[in-house]
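Given next are the chains, with one letter for each unit.
There are 2 protein chains.
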Amino acid sequence: MSAIRHALSTTREDDFAQWYQEVISEAEMAEESGVRGCMVIRPWGFGIWERIQRLMDDRIKAAGVENCYFPLFIPLEYFAREAEHVEGFAKEMAVVTHHRLIADGKGGLIPDPEAKLEEPLVVRPTSETVIGSAMARWVQSWRDLPLLTNQWANVVRWEMRTRMFLRTSEFLWQEGHTAHADREGAMEETLRALEMYREFAEGPLAMPVIAGEKPENERFPGAVATYSIEAMMQDGKALQAGTTHYLGTGFAKAAGIQYQDKDGAQQLCHTTSWGVSTRLIGGVIMTHGDDDGLRVPPQIAPHQIVILPMLRDNDEDEALLAYCEEIRRGLCSQSALGEPVRVLLDKRPGKATQKRWGWVKKGVPLILEIGGRDAAGGQVSVLRRDKLWNEKAKANFQAKSKDEFVAQASEEIEEIQRSLFEEARAKRDANVVRRIDSMEALKEHFGEDKRYPGWVELGWSRATGAELEDVIKQLKALKLTFRNTPADAEPASGTCIFTGKPAVETIYVARAY
Amino acid sequence: MSAIRHALSTTREDDFAQWYQEVISEAEMAEESGVRGCMVIRPWGFGIWERIQRLMDDRIKAAGVENCYFPLFIPLEYFAREAEHVEGFAKEMAVVTHHRLIADGKGGLIPDPEAKLEEPLVVRPTSETVIGSAMARWVQSWRDLPLLTNQWANVVRWEMRTRMFLRTSEFLWQEGHTAHADREGAMEETLRALEMYREFAEGPLAMPVIAGEKPENERFPGAVATYSIEAMMQDGKALQAGTTHYLGTGFAKAAGIQYQDKDGAQQLCHTTSWGVSTRLIGGVIMTHGDDDGLRVPPQIAPHQIVILPMLRDNDEDEALLAYCEEIRRGLCSQSALGEPVRVLLDKRPGKATQKRWGWVKKGVPLILEIGGRDAAGGQVSVLRRDKLWNEKAKANFQAKSKDEFVAQASEEIEEIQRSLFEEARAKRDANVVRRIDSMEALKEHFGEDKRYPGWVELGWSRATGAELEDVIKQLKALKLTFRNTPADAEPASGTCIFTGKPAVETIYVARAY
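Chains as they are written, first to last, in this note's numbering: chain A, -14 to 498; chain B, -14 to 498.
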C-alpha cells in the first residue's frame, strides 16, 4: 500500500488542519478573498451549497414554512431590547456608521464626516430581533398561528480566528423563525426542525449525527432550550452542524409578539429559531474526504458522473465525442436518489489523465474515461471515487459494457451514497468510548499523546448554575466541551463523574470545532 | 361598468403611485421594515422572486456560466483603484467602521472605540472590483478564457428616496461577471446576456421590452458600452429592467486580469457585467396590475391555481375536501409552460368569499370555488384573474365539468400567459409616438396636462461629449431621459430634433423610474 501516490501532498494522519485547507484549495471549493475573514466560494464549493440549499428548501417548504427576506441591517435599539441576546452577540458585530465616502485629497477615500448615521446599523449576526418586530405586526389573533417563516441569507459575526467554511466572518445560512400559541406548539416545531436536520445530515450529506439537547451553558443567547446535531470529524473532534432553539416568550416579550386567544385575552407567543449554514460543507469535507481530496456524497454532488473523452486531436475525435454524448444522454434519462442523474461531459482541452485527477480531488462519485478502443468495443472504463486504488496501487478502473453501466448507474450511485454513510458511521462508532468512570480516566483518555481521542459518552447529573460552571471549568482545562444529550438515549444509570451525583441522562464529551 | 366595486381603494387612474403601494400592501408582497430604505419581502413577494431566480438561473447555467459567492464587504482600496467607477458609486455606500459594540453605560449600545477598523469596509454596491481581484488570480492563460461567473446576492446603495422593489437601499439581484480574450468575445457575451434578459422579460414575465444600447451619459460607471431592456409601465413611464455592460479593458487593468496568449505575450482581458434585480417585481406589478390588485403571469406565479373549498363546518366538509383533493391531484399531474402545474388547496379557516378576494389581490391566475353542489354535480366554478368581471359587474365565475377543466387547465394557463403579454404589448405600442419632429412638438407632447404621455421614438444624431450634455440639459428641463437605441430598429432617416444634424439611429425618450 505504501506505493500509492496520493493526490494531495498532506495526509490526514500528518496534519489534519493542513490537509483540510489543501482539500479546499485543490478541489477549488473556496479561497481567501483578501477581505478579512471572508471567503470566495468557487463554483465547485458553491455548486455543493446550491445542492444543499435546494434539498433543504424542499424539506422546509414541505413543512409548511414560507420563505421571506428581511433587512441586512438592524438598528442598534433592536439589540438593546433583548439584553440576554445582546450579551451573546455584542462582541462580534460589524457596525455601519456612515453612508457615503469622499476623496481624502490624497488619492484615497474616507467615510464622509457629513454622512454619519444618527443611529449606527448592525450587519445582522442573526435575525431574531428584526423578524420578531415583523412578527409583532403580522400576528394579531390565534388564527394567525403558527406563523412559520424562513430566510436564506448572509450573516456576519466578526471572528478573530477564521477557518474556511467552519468559521468565517460572513457566512451563508438559512434561519427558520416561528411563532406559536403555546409552549407545546413551539417545542414540537423545535424538535421537528431538529429531526429535519438529523435526516438531512444522515440522508443527503451521508453524515451520521447525534441529535439532542445542549447543556445550559451552550444555549443560544436568550434561548430556553437549544438542540443540536453533532457530527464526528475524522480527527475525532465534534462539529456542531445545526441547531434549533425553543426561545420561550422572551423574544416575543421584547418584540411585542402577542395574539388574542379564543377567549379574547392577549397572550405572548412562544417562538423558535433554527439554522444550518455553509459550515455543513466543512462537515462534509472532514467526514468524507480522504488523502486524495474530497469525496462528495452523490446526493449533493453538482455532477454525479463526469465523462472524460480521451481526445487526440485527430479524425477519430468526432466519433469518440458522439459515443460519449450517447452515454451522457443515456445516463441523464436515468433517475437516482429521486432525481435525474447529473452528468458532465468534460470537453475542455487538456489530457484526460490530468483532468481525471482534478475530478478525483473534487470528489466526483464516478469518473468515466473513454478512449477510441472503448468506443469501438462498446465499453466504458469506470472509476469509483470511494474505491480509488486497486491492489497494485493504481487507479482502480473497471471495464464494463456501456449498456450494462448505463443500466446500473442509478443503483451504483445509490450504493455509493449508502456506502459513504456506512463508512462514516463505522468510523464514528469505533471512536465513541463508554467505559470512562472517573475524572482521572477522562484525563488519561484525552492525554496529549492520543491523536484521535473521539468522543466519550458519560452519565450526567444535569448540573445547572454554579455547579455546572464548575464542571465546565474542569472540562475546559482538558480542552473539552459538552456536545449534547442524545434524544434517543437509553435511561442513564450510575454516577456522574463530575458531580458524584446519580446520572439522570447521557451526554457526549469531546474536543470540538 | 361603473357598478364594479374594485378590490382596491385607489385606481391607477386616480393616483398611480398610491395604487402601486396599495397593490404591494394588499397583495402582501412587501412592507417597510423599520430600517431606513430596507424592505421586508413577504412570502407572496418572495415566492415570485424565487420563481424569477429559478427560471433565470436555469438560463444562466445553460449559457455555461457558473455561480460563485464573493464577500459582502469590499476594502476601500479596491474602489480607489478604479477612479471612474468610484466616481459613480462613491456617493451612496454603507461603510463599516467598527467590529464590536459595547454598553454606553446608559442602557444602550455604541460602537466600541477600541474596535475601530484600520481600513473601513464598504458594503458592496456591486462586485466588479472584488470579483476582478479574484479573476486576476484565476486567469493565467488563454486556456482559462472565457471565465464566466455569476452571483446571486444582496447589494446596498444608499438611497435618499426609496420606493419598494423599484429603489431600495438593500436589494437582491444576480450579477454576471465574465472575462474574455478580446473585444469580440466580450461583446458577444454582453449581447447574449441582453438577449437572455429580453427573452426572460417577454417570456416568464410577459413584459414587453425594448432591448438596446444606452447613450453615453447613461453608461455604468467605467463601462465602454451599456445596454438595457426598457419596459413601459401603465402610467407611460419607462422602467430600466436589466442592464448589460461591456467594460473594455479598464477594470482588467485596475485589477490585473491578464492572460498569456498563444504566442506567449501578456494581454489584458476584456470584461463584462450584467444584472437584474428585485426591481423586476416592480415592473411586473406596474405592467400587469389592475384596479383589483396584482395579476401574476402564470410562469412566475408561486401558485397558478388556488382551490377554495366552501367549508360549512358540518358533516359534508369531509366529502367536499376529498373532492377538492382529487381535483388538486389531477391538476398537479398536468404540465404547463414546461413545468408541473402549481396548485394550492387553501384549507385555512375563513369564508371562501373573503379568501377569494385575498387571492384576487395577490393575482393568482385561476381561482376555483367549490361548494357541495359542485362536488355533487362533478362541477367546478372557475374565475380567471385576467377576466375578473362579467357584464353585470359581478365576479365572472364559469361553471365547468371537473374533468373538462382539469384536461384543459394547461392550455388555459398558457393562454393566460400569452394574453397578459399581448395586452401589455398592445398598451405599450399604443403609447409610442413617432411623429414628433421638433423640440416644440416634444414639449407640447409632454405638457403638464397629459397624464400618460408614453414614449417618443426619435431620430438621433448620436451626439457625444459637450453636445450630448447640452441635449441632456434640454431633456432634463422636460423631466425626460433617453432610454435606449433599439438593437433591431430600421435605419434612421431625417433630422435629429436636438442637434439639427442628420439622424443616424433611433432612440426612445421618456419619463422614467
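These aren't lab readings, by the way, just hints derived from the structure by calculation.
Hints may be right or wrong, so weigh each one.
The list cannot tell twin chains apart, which means a pair is met if one copy fits it or any two copies do.
Straight-line Cα separation of at most 16 Å, EDC-like style, residue types lysine to aspartate or glutamate; simulated pairs [unchecked claim]:
id, residue 1, residue 2
1, 387, 324
2, 412, 301
3, 336, 129
4, 247, 201
5, 101, 77
6, 332, 99
7, 428, 43
8, 332, 0
9, 385, 99
10, 458, 298
11, 222, 442
12, 222, 433
13, 412, 275
14, 222, 276
15, 247, 35
16, 464, 454
17, 247, -1
18, 222, 35
19, 379, -1
20, 76, 89
Against the structure, the hints come out as follows:
For the identical chains of this complex, residue 387 and residue 324 are neighbours neither inside a copy (22 Å) nor across copies (31 Å), given an alpha-carbon limit of 16 Å. For the homomeric pair residue 412 and residue 301, neither the shortest alpha-carbon distance inside one copy (47 Å) nor that between copies (57 Å) is at most 16 Å. Taking the shortest Cα distances, residue 336 and residue 129 sit within 16 Å of each other only across copies (15 Å), while inside one copy they are farther apart (61 Å). With identical chains, the CA atoms of residue 247 and residue 201 are never at most 16 Å apart, being 34 Å at best within one copy and 64 Å at best between copies.
Taking CA atoms no more than 16 Å apart as the test, residue 101 paired with residue 77 passes between copies only; the shortest distance there is 12 Å, against 21 Å inside one copy. Taking the closest pair of Cα atoms, residue 332 and residue 99 never come within 16 Å of each other, the shortest separation being 56 Å inside a single copy and 54 Å across copies. Proximity of residue 428 and residue 43 under a CA criterion of 16 Å is satisfied in neither setting, with 45 Å inside one chain copy and 55 Å between copies. For a Cα distance limit of 16 Å, the shortest separation of residue 332 from residue 0 qualifies neither inside one copy, at 36 Å, nor across copies, at 57 Å.
In this assembly of identical chains, residue 385 and residue 99 lie within 16 Å of each other by CA distance neither inside one copy nor across copies; the values are 72 Å within and 66 Å between. For the homomeric pair residue 458 and residue 298, neither the shortest alpha-carbon distance inside one copy (67 Å) nor that between copies (60 Å) is at most 16 Å. With identical chains, the CA atoms of residue 222 and residue 442 are at most 16 Å apart within one copy only, with a shortest distance of 14 Å there and 68 Å across copies. Taking the shortest alpha-carbon separations for residue 222 and residue 433, only the intra-copy value of 14 Å comes in at or below 16 Å, while the best inter-copy value is 72 Å.
Proximity of residue 412 to residue 275 under the C-alpha cut-off of 16 Å is restricted to the intra-copy arrangement: shortest distance 13 Å within a copy versus 62 Å between copies. Neither within a single protomer nor between protomers do residue 222 and residue 276 lie at most 16 Å apart by alpha-carbon distance, with minima of 18 Å and 61 Å respectively. For a Cα distance limit of 16 Å, the shortest separation of residue 247 from residue 35 qualifies neither inside one copy, at 43 Å, nor across copies, at 36 Å. Within a single copy, residue 464 and residue 454 get their C-alpha atoms as close as 15 Å, which meets the 16 Å cut-off; across copies the closest is 68 Å, which misses it.
In this assembly of identical chains, residue 247 and residue -1 lie within 16 Å of each other by CA distance neither inside one copy nor across copies; the values are 64 Å within and 41 Å between. Proximity of residue 222 to residue 35 under the C-alpha cut-off of 16 Å is found in neither arrangement, the shortest distances being 27 Å within a copy and 37 Å between copies. Taking the closest pair of Cα atoms, residue 379 and residue -1 never come within 16 Å of each other, the shortest separation being 22 Å inside a single copy and 78 Å across copies. Taking CA atoms no more than 16 Å apart as the test, residue 76 paired with residue 89 passes between copies only; the shortest distance there is 14 Å, against 30 Å inside one copy.
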